[in-house]
Every structure is written in C-alpha cells, then in structure tokens.
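Participant: Each chain is listed here by its residues.
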Amino acid sequence: MPNPIAENKMIDSKNKTSFFMRWEFILIVLLVLILAFIAILTPDIFTLRNLLDATITFTEKSILALPMALLIISGVIDISVASISAMAGVLMGVFFKSGVDLGTAVVLGLLVGVAAGFFNGVVITKLKIPSIVVTLATMLIYRGVGYILLGDNAVRNLPESFGVLGGAYGNLFIPIQAIIFFVFTVIFGIILQLSSFGRKIYIIGNNEHAALYSGLHVDRIRIILTTVTGFVAALSGILLTSRIGSARPDIANGNEMMVITIVLLGGVSIYGGKGTIPGVFLSCLILGYIHYGLVLLRIQEQVIRIATGGLLIIALLIPTVVEKIRSLRKIQYE
Amino acid sequence: MDKKIGILLILVLIAGVGLLFAGGAGEAEGGAEAEGYTLAWVPKGLGHPYFDSCYDGAKEAAAEYGDEIFEVGPDDWSVEGQISVVESLIDQKVDCIGIAANDMDALAPVCKKAMEAGIPVVGWDAAVAPDARVTFVNQASFEGLGRGMAQAMAELVDYEGQIGILSATPQAPNQRKWLAWVKEEYTDPKYKDMEIVDVVYGDDMSEKSYDKALGLMKAYPDLKGILGLSAVATPAAAAAVTDKGMIGKVLVTGMGIPSTMKNYVLEGSCPKFLLWNTIDLGYVATSIMHKVCEGEFEGNLGDEIKLGRATLGEPDSVYEVIEGEDGDTIVLLGPPMAFDESNIEKWAAIF
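From first to last, the protein sequence lines stand for chains P and L. All residue numbers for the first sequence refer to the numbering used here, where the first residue is 1 and numbers rise by one. All residue numbers for the second sequence refer to the numbering used here, where the first residue is 1 and numbers rise by one.
A hint or two may mislead.
What the hints assert, rightly or not - To spell it out: a stretch of chain P is covered by chain L in this simulated footprint if at least three of its residues, at any positions, have a beta carbon under 8 Å from a beta carbon of chain L; those stretches are:
| no. | region |
| --- | --- |
| 1 | 119-130 |
| 2 | 245-253 |
| 3 | 290-302 |
As the list claims (entries may be wrong) - Derived EDC-like pairs: lysine to aspartate or glutamate, alpha-carbon spacing no greater than 20 Å straight-line:
| no. | chain 1 | residue 1 | chain 2 | residue 2 |
| --- | --- | --- | --- | --- |
| 4 | L | Lys208 | P | Asp250 |
| 5 | L | Lys113 | P | Asp250 |
| 6 | L | Lys113 | P | Asp53 |
| 7 | L | Lys93 | P | Glu160 |
| 8 | L | Lys112 | P | Glu160 |
| 9 | L | Lys93 | P | Asp250 |
| 10 | L | Lys112 | P | Asp219 |
| 11 | L | Lys93 | L | Asp52 |
Note that these hints are calculated values from the structure, not bench results. Here a beta-carbon is modelled for each residue, glycine too, at the ideal position from N, C-alpha and C.
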C-alpha cells in the first residue's frame, strides 16, 4: 500500500500534465515575454544594472510571498503581514530612539514579528477561528500599535549605514535585498519541495482531517508557519524602513493584498494543497517587472493596478476553466 | 480539446500583457521627440486641482524653453509610492526632477541618489532635506502665510471666540511651520480673547478633512471659526459648514484654490482666503529646473535668475536665492495673495 507521506504523486496531478502545460512553464514564458517587451520598448534602460536596481522595489513584498505561499498551501491565510511589517519598523525605530543601539533594535523588531506571528498561529489553531477572521483583527491591532507609539510622527534620521541594508548594494554586485530574496527562495524551496516537513504542509492543505488522523501535528505545523511568516514580515518592514530612512507607522499599506496576489499568480491554490516555490519565485519577478516596465512607459499607477487585477483574474480563470471542461468530459464518457 | 482551450486561454493572457505594453509604448514614443531637456514633475499625488494648476505653470515654462516635461506621482499620495516614482525616474535618466515631497526626510535618500546619479533635484511646494536638492522654491515665507492666515481668521471672528485648525499631514514641513507661525501670531495680546481649541489632521484628503471638520463642530458647539491649512482642508471645512447650515455662525478661512472656493466665498461660508499664484509657482520652479540643466544656476546664496515673464511676486522677473527660515537656501515666490468677493470670479476662471 502506498505511503501517503512519501508519495507526492497521489496529491499532485503532475504525472498527467506534460512539462509544457505546467503552470510554472507558462510563468517562465510570461517572464521572458515581459523582459522582451521592456527590452524592445525601452532599449536604453534595459541594462543588467537597472534590472537589478528594479528588484529593490519589489523584494520587500517578494520575500513575504515565500512563507505566505507555505501558509496558504497549508490551508491558512494571514492578512496581518503588512501590519506586522509596519509594527516591527516602528518598534525598531522607537527602541533606537530611546538609546538602544541599532543592531539590537533590529533584533528586537524581528522578535516583535515572531511574537506577532506566533500569536496569530495560536489563536487560529487553539481557538479554532478561521484564519482570515483572526488575521483581520490582528491586522487592525498591529497597525494600531504603530500609530499609538508614534502617533502622526516618525523617527527620523536613522543612520546612513542602516540605509544600505534596504536600498543599496553594499560592496556587492547585486543589491543586498535581492540577495536576501534569492537566499530565502532557495531555503523555502528546499523546505517545501524537498523535505518531509514540506510534504506534510501539502497533506494538511489537501485534507486536514486525514492529516490529523494520520498523526500529523497540524496545529504545531501551522503555528510554526505563522511564526515564520511573522518573522519575515518584520524583516520586510525593517528593510522598508531602512530604505526610507525613517520609521513610520504608515508604511507597507496594502502589502498583504499584493503578496497574496503574487502567491496566487504563482500557482498556489487558494483552497490549499497546491503550489510550488519556483512558481511563486517566478510570479514575484513577473509582477515586479510588469510594474517596473509599466512605470517606465509612464502609465499611471491606477491603470497598473487594474492591469495587475486583470492579469490575476485571467490567470486564475485558466486552471478553473480547464478543470471544469475536464470534469464535464469525464461525465460525458461515463 | 481541453488542452486546446487551455492553450487558447494562455495565449489570451499573453496577448493581454502584450497589448498593455504596446499601449504604453505609444505614449512614451510620442514624447521622446522633443529636443531640449527631459524634466520630470513630481507632485505629492495626482488628480487634485491645486497640483494640476502648478503643472500648468510648469508646462508653460517648459514650452518656453523647448523642454519636454511630464508629470508622475503616487496615486495614493504615499511616501512609499513617491519614492518608487523617483527610483524609476533615476532609471529613466531624466535630466531634472522637480518634486513636492510627501515627507522631507523620507524622500531625502532617494533624492540624494538622484543627485549622485547626475540628476539635479529642485524642490517646490513641500521641501525635501537641504542636502538632497539644488534649491527649494518656496511659495510664500512660512511667516508671511502663517501670520496672514491667523490675521484673516481673527478679522472674521472679530478677535474673540474658539477656533479650530484643520491641517493636512502632520509630517509635511510646510504644515508644521505654518501651524507654528499661526500660534506665534496669536501670542500677541490683541488676540487674547481667542482660543485655539484643537488641531485636527485630514491628511490632505477631501473626505477625511470634511469628516474632521464636522467632528470639530460637533465637539465644540461654541466654535466660531475653522482655519484650513491647505488647499484641500479649507474647501472641505467650508463644505462642512455649509452642509451643517452653520454659515455665519462658523467662519472658515485659510488657504484655498479660487476655482474650488468660489461658491463658498459667494455663499458666505468662507468670505476670504489666502493663497499664492500656483501657476507662477510651477512656472518659476520649472524655469529654475531648466537653468540648472543648462548649468547656469547652482542654488548658492545670492545667485540670481531671470525668468521669461514677470510674476506676482517679482514684477521685474528676477529672483534671488535667499536664506530661508531654516537657514537653508530658498527662492521665495512672493507675498501671499488674498481672495474674496471682489476678485474671486476673475481668479476662479484662471485656476
């Protein structure tokens, strides 16, 4: 009898689809097309340096998409991530202003994110409240903390050396933020696709009850995921704060929506149980470069938003329509 | 069959993206044909008549010099949005950036990056930190405007009673300074019977400012006046007063744009308000941007610049870089201008 934990094939229908019909391949094609468009329409801007520069604007959201993908695959959603980012940035600034040295302030900010994520996870699993409801509440609470602490002010004049973290290259060829993004992608990729922990995540997302009765620690795994998400959200907030040079409570507004968009476009199913890190990685690049390219073409921000929404709808329509037709054909043949 | 449909939908997806880029390309190519410099105009946000009128002045100056100018800004009026706009401008290698900063310090790192990349930055309306710009075109001295608004408010309420202040965003440097000068003016004994009961923030958004104004009237039933510290705040406050049927009982004044304030002036909710000539502001800032690109202007104390036409503030059309109120160097547009029944019709037609 096949071992459900070791046999991915029972969950993924990838043995039925050829490589070229896989979602990830389509994303590769899309990415190549977008880069080609940018190259053709604005050739003088299409330099490696600029493409790397562009990553700075979207890596803050992209690193968040990675743990969020794991969360959604496991059947949980967290819409408080942007608020955690803001709260971590604010707390780091407040600690720094009260005399703590910068390194310690950053660590404290990250710990705040860990605590926030952990709190999310505990309430979701132990109180059995749907994750979207819980994180809706914490979204408001965490954002509120930032405003209570700083009110309408900001902690200004953070040291320039700090700004290097989020906005610059340090002494390297690739921006520091991009390096963080690539490293995280590899780490999360290995965890999700190649480890038994990752397989457990898929199983929980596909059938929570079966997973529970198979002996998987569903609650514990989900709490781990929300905690990690909280940590990365805090990191994202700190990187943003470093890029701006001052700690403010109003940063990262709307980031949670963008992160979820990236994850869904990357092939992760909103119902859980499906999706890959390579897909999410490609989706980060696609959405990032589409935004970058459209801004270069001087298209208004509102239009870009509509375009991104439209892209998402079409992208989600395809698998649904194909599934529908497939199931209709099955009925036809029976 | 389902494979074909899948492929079809994918092609639709790709075509959609392609069309989007193609549509954008049309716009960009059309603009690239002008000779002269490429100037980028970055307001605090898009879609408000105040900034639209500044842009009109900017376009006038650009046309005069044969430069290409285009407007980009964050549609959500946010700091992050504005930063990413400037980042993109650096990559586009524009020749000069004129910016009304959403936050003086938050925009400084990216503006410095632009300057280091060889793209000069000129501030207008709302300054960015002094070392992140060549110069800042200040529409009126903070003292002149602050004291002027305070005096106008006092005249309207006959020098007695409670007044509330409706500001924009708390971090904007111009807001903080005007507020400070209003308070400073009111330390004079002749205002002893007046009291500022509250300062509320509408974040330069119409609806939020309207709600805050309503809140002021509700919280302070004896309120006699509301002072609006921005061109968004004042009409919002006047609308709130009119809608609540409080014309004559609560007087509104402050800064406003003639076209948006005309009805309120004629109805009486806001008999008088102050501003400067926004078209001139855009015109002067853009002229300076051109001169900076030419290498003729560096923003040092005492430097002079001659414009193509006279403005309200400088009838001889020569501006000089002076020391600003923070010890930084600025170019001052001129004294504030008062609008009331006598001139509102004429100016409302202009902007």
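Participant: Each hint needs a verdict: does it hold in this structure or not?
Facilitator: Consistency of the hints with the structure:
no.: 1; hint: 119-130; in the structure: violated (count 0)
no.: 2; hint: 245-253; in the structure: holds (count 7)
no.: 3; hint: 290-302; in the structure: holds (count 12)
no.: 4; hint: L/Lys208 with P/Asp250; in the structure: holds (16 Å)
no.: 5; hint: L/Lys113 with P/Asp250; in the structure: violated (23 Å)
no.: 6; hint: L/Lys113 with P/Asp53; in the structure: holds (12 Å)
no.: 7; hint: L/Lys93 with P/Glu160; in the structure: violated (24 Å)
no.: 8; hint: L/Lys112 with P/Glu160; in the structure: holds (12 Å)
no.: 9; hint: L/Lys93 with P/Asp250; in the structure: violated (29 Å)
no.: 10; hint: L/Lys112 with P/Asp219; in the structure: violated (49 Å)
no.: 11; hint: L/Lys93 with L/Asp52; in the structure: violated (24 Å)
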